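> Now for the letters of each chain:
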Amino acid sequence: MIYYEDVDVGDDLPQLVKGPLTEQDLVRYSGASGDFNPIHTVPKVAHLVGLDGVIAHGMLIMAYAGQLLTDWAGVGSVKRIKVRFSGMTKPTETLVCRGQVTGTSIEDGQGMVSGKLTVKGQADDSLKLKGDFTLILPLRHNNL
Amino acid sequence: MSKKVNDGMVGYAFPPFQMQIERGKLREFTRAIGDDNPAFQGDDPIIPPTFPTVFLFWAGEGLEGALKALGVDIWNVLHGEQEYEYHGVLRVGDVITGRSRVESITEKKGMTFILIVTEYHNQADDLILTETMTIIVR
Numbered sequence: 022m023i024y025y026e027d028v029d030v031g032d033d034l035p036q037l038v039k040g041p042l043t044e045q046d047l048v049r050y051s052g053a054s055g056d057f058n059p060i061h062t063v064p065k066v067a068h069l070v071g072l073d074g075v076i077a078h079g080m081l082i083m084a085y086a087g088q089l090l091t092d093w094a095g096v097g098s099v100k101r102i103k104v105r106f107s108g109m110t111k112p113t114e115t116l117v118c119r120g121q122v123t124g125t126s127i128e129d130g131q132g133m134v135s136g137k138l139t140v141k142g143q144a145d146d147s148l149k150l151k152g153d154f155t156l157i158l159p160l161r162h163n164n165l
Numbered sequence: 041m042s043k044k045v046n047d048g049m050v051g052y053a054f055p056p057f058q059m060q061i062e063r064g065k066l067r068e069f070t071r072a073i074g075d076d077n078p079a080f081q082g083d084d085p086i087i088p089p090t091f092p093t094v095f096l097f098w099a100g101e102g103l104e105g106a107l108k109a110l111g112v113d114i115w116n117v118l119h120g121e122q123e124y125e126y127h128g129v130l131r132v133g134d135v136i137t138g139r140s141r142v143e144s145i146t147e148k149k150g151m152t153f154i155l156i157v158t159e160y161h162n163q164a165d166d167l168i169l170t171e172t173m174t175i176i177v178r
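These protein sequence lines map, in sequence, to chains A and B.
So the first sequence is numbered by the working numbering: it starts at 22 and just counts up by one.
So the second sequence is numbered by the working numbering: it starts at 41 and just counts up by one.
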């Protein structure tokens, strides 16, 4: 368990590596999320729109960014997560999720930790998404 | 260049939608994203931060429904940005009501940016989550 007092600006979150992605992962995520856009699952449709094969759901990649946060700070710690999608992800890619703390403050008796994150392709360092986040961490010494 | 999306849609409210957060759906989702955190398997687990995409697609109209209402072709859009801001926690068993609206439509560099904001209330009618989705029309 991580406490607010244990965190400093500039701290790196433990990296999270996901993948290699498979077509099966995209089929599973389509069913789980309900996003059945066929460019994620049907190669023929991906080709029709000018892609050379199926691509991952942006929201699947954002889910990995979410796991980066909950692995570190715990489930239920995420107050806010915002991402900008930058690049497509294809099956066979392995992804690396990274985060860094950019701010800490106590608001209304809660430990707030803000930071920035990226998800990149491991092989070519291509940016898949970047974003920022705010977490609520428990205080070790609650003197209120 | 004229806008690809009708300005008159700003403020448009989609029909509200409702869903109970089910344990089985949570398990399906965490397996799909490959997250085996045991905290998702407790008695009344809190959902992963991006789980609410399930609400939009399985209970709401999803991206396709929103685009249809806006008169936009799904093949011409990109998902630009996504934000979830929690005002509380959501657990298995909670019943959410989602209300989506078109927040803004702006033109930049020949592309149209549509912001769709969805507010989720729980069964006690507390606002628990605000979602902002940015769709880019090419």
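None of these hints come from the bench; they were simulated from the model.
This one's a predicted model, so the numbers in the text were calculated from it and none came from an experiment.
Don't take every hint at face value.
[Said to hold, decoys possible] Distance condition first, Cα-Cα at most 27 Å in a straight line; then the derived DSSO-like pairs of lysine-lysine: (1) A/K65 - A/K103; (2) A/K100 - B/K149; (3) A/K137 - B/K148; (4) A/K111 - A/K141; (5) B/K108 - A/K65; (6) A/K100 - A/K65; (7) A/K141 - B/K44; (8) B/K108 - A/K100.
[As the list claims (entries may be wrong)] Sample of chain B residues lacking proximity to chain A, with all beta carbon distances greater than 10 Å (derived): (9) I73; (10) T93; (11) Q122.
[What the hints assert, rightly or not] Label-pair distances were calculated between CB atoms; the ranges are: (12) A/Y24 - B/M151: 22 to 32 Å; (13) A/D146 - B/K149: 41 to 51 Å; (14) B/I114 - A/I127: 17 to 27 Å; (15) B/I114 - A/K111: 35 to 45 Å; (16) B/T146 - A/R161: 20 to 30 Å; (17) B/M151 - A/H162: 41 to 51 Å; (18) B/G74 - A/K137: 15 to 25 Å; (19) A/K111 - B/T172: 36 to 46 Å; (20) B/K149 - A/D29: 31 to 41 Å; (21) B/A109 - A/V48: 35 to 45 Å; (22) B/Q58 - A/G71: 17 to 27 Å.
Don't be surprised by glycine CBs; every beta carbon is placed ideally from N, CA and C.
> State for each hint whether it applies.
Hint by hint, here is what the structure shows:
1. A/K65 - A/K103: violated (32 Å)
2. A/K100 - B/K149: violated (32 Å)
3. A/K137 - B/K148: holds (25 Å)
4. A/K111 - A/K141: holds (12 Å)
5. B/K108 - A/K65: Judged against 27 Å, a Cα distance of about 23 Å means the pair holds.
6. A/K100 - A/K65: violated (40 Å)
7. A/K141 - B/K44: This hinted pair is violated, its Cα atoms lying about 32 Å apart.
8. B/K108 - A/K100: The given pair, whose Cα atoms are some 31 Å apart, is violated under the 27 Å limit.
9. I73: The claim breaks: B/I73 does not keep its Cβ more than 10 Å from every Cβ of chain A (closest is about 4 Å).
10. T93: About 5 Å separates B/T93 from the closest Cβ of chain A, which leaves it inside 10 Å; violated.
11. Q122: violated (6 Å)
12. A/Y24 - B/M151: 22 to 32 Å: Once the Cβ atoms are compared, 44 Å apart, the range 22 to 32 Å for B/M151 and A/Y24 is violated.
13. A/D146 - B/K149: 41 to 51 Å: violated (26 Å)
14. B/I114 - A/I127: 17 to 27 Å: violated (45 Å)
15. B/I114 - A/K111: 35 to 45 Å: Because 20 Å falls outside the window, the suggested range is violated.
16. B/T146 - A/R161: 20 to 30 Å: 45 Å Cβ-Cβ, so the 20 to 30 Å window is violated.
17. B/M151 - A/H162: 41 to 51 Å: Once the Cβ atoms are compared, 50 Å apart, the range 41 to 51 Å for A/H162 and B/M151 holds.
18. B/G74 - A/K137: 15 to 25 Å: Cβ of B/G74 to Cβ of A/K137: about 23 Å, so the range 15 to 25 Å holds.
19. A/K111 - B/T172: 36 to 46 Å: Violated, at about 27 Å.
20. B/K149 - A/D29: 31 to 41 Å: About 39 Å separates the Cβ atoms of B/K149 and A/D29, which means 31 to 41 Å holds.
21. B/A109 - A/V48: 35 to 45 Å: For A/V48 against B/A109, whose Cβ atoms are near 28 Å apart, the range 35 to 45 Å is violated.
22. B/Q58 - A/G71: 17 to 27 Å: violated (38 Å)
Checked against the numbered hints above, the structure breaks hints 1, 2, 6, 7, 8, 9, 10, 11, 12, 13, 14, 15, 16, 19, 21 and 22 and satisfies the rest.
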